[in-house]
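Below, each chain spelled out in residue letters.
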Amino acid sequence: KNQVEQSPQSLIILEGKNCTLQCNYTVSPFSNLRWYKQDTGRGPVSLTIMTFSENTKSNGRYTATLDADTKQSSLHITASQLSDSASYICVVSDRGSTLGRLYFGRGTQLTVWP
Amino acid sequence: EADIYQTPRYLVIGTGKKITLECSQTMGHDKMYWYQQDPGMELHLIHYSYGVNSTEKGDLSSESTVSRIRTEHFPLTLESARPSHTSQYLCASSESGDRAAFFGQGTRLTVV
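For the protein sequence lines, the chains are A and B, in the order given. Just so we're aligned, residue 1 is where the first sequence starts under the working numbering, counting upward by one. Just so we're aligned, residue 1 is where the second sequence starts under the working numbering, counting upward by one.
Extracted from the complex, chain A is given alone in its bound form (with noise of 0.2 Å):
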C-alpha cells in the first residue's frame, strides 16, 4: 500500500533554532517528492520538488534531502522565524498513471516561539 508518514506529527522550537522534519514513504514507482508549507486556513504552498536523481535541493533557509534508496526525505529549516509557524507536508508522486497521483503525508505542525 502506497502511504506517506511524517514525523514528528508536532514540533516547537524557539526562533533562530534549526530543526529537521522526516518523511518515509512506500510509494512505487516512485516519480518525485514535494515539499509543501500550509499555514492555516491556507492552501499549501510548494517549497520543493526532487527527482529520483536529485538528492538534495534549497529554497533559501529551506533544504530537502532525498534518499531514493531507503525511502526518506528530509527538511531541513535553518534559523527559524516565527513566520514559519505552519503545517509541513511531505507529497510523493507515482509514476503508475497518467494523473502521476499524489501521495499526501499528514503534515508536521511546526511552532516557532519567540
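Rather than coming from a laboratory, the hints here were simulated on the basis of the structure. Where a beta carbon is used, it is the ideal one built from N, C-alpha and C, also for glycine. Be aware that a few hints might be false.
[Stated by the list, open to error] Pair by pair, the computed Cβ-Cβ distance ranges are:
no., chain 1, residue 1, chain 2, residue 2, range
1, B, T77, A, Q72, 32 to 42 Å
2, A, Q3, B, S61, 32 to 42 Å
3, B, G51, A, R106, 44 to 54 Å
4, B, T20, A, D39, 17 to 27 Å
[Stated by the list, open to error] Calculated cross-link-like contacts (lysine-lysine; reagent style DSS-like; alpha-carbon spacing at most 30 Å):
no., chain 1, residue 1, chain 2, residue 2
5, A, K17, A, K71
6, B, K57, B, K17
7, A, K1, A, K71
8, B, K57, A, K71
9, A, K57, A, K71
10, A, K1, B, K57
Start from chain A and add chain B according to the hints.
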C-alpha cells in the same frame, strides 16, 4: 506567485441547501484537482480533470460533482449539503506532465 483562486473562503450553510464552490486559475493549466481536508488530516483527492470536458472521481468517494467547461474554471457542486460535508475544500492545478501543483487558499465549509 500562483494564480489560482477559490471563492468563497468561508461558507456556513443549512442542511439541504445546494452550494457551488468556485475555483479559477489563470495559468492555463490543463490539470485541475479538488481535495478535501479535515483538520490535522491529510488531503484526499475527490475529483480531477485533465482538461475541458474531462472529469474523473478521485480516491475519496464524494457526493459532490464537478464540471470543466472552460480550462480556467473547475467548480464543485453539492446538490444537498449535509453536516458530514463540513470540511476544507482545496482546489489545485498543474501543467501537463509531472509538475508541482499550485493550490488555492481553500474554502472552509460548515453545514449546520
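Results for each hint:
1. T77/B with Q72/A: 32 to 42 Å: Holds, at about 41 Å.
2. Q3/A with S61/B: 32 to 42 Å: violated, 19 Å
3. G51/B with R106/A: 44 to 54 Å: violated, 31 Å
4. T20/B with D39/A: 17 to 27 Å: Once the Cβ atoms are compared, 26 Å apart, the range 17 to 27 Å for D39/A and T20/B holds.
5. K17/A with K71/A: This hinted pair holds, its Cα atoms lying about 27 Å apart.
6. K57/B with K17/B: holds, 22 Å
7. K1/A with K71/A: With a Cα-Cα distance of about 14 Å, the restraint between K1/A and K71/A holds, given a limit of 30 Å.
8. K57/B with K71/A: holds, 29 Å
9. K57/A with K71/A: holds, 16 Å
10. K1/A with K57/B: Within the cut-off at roughly 20 Å; holds.
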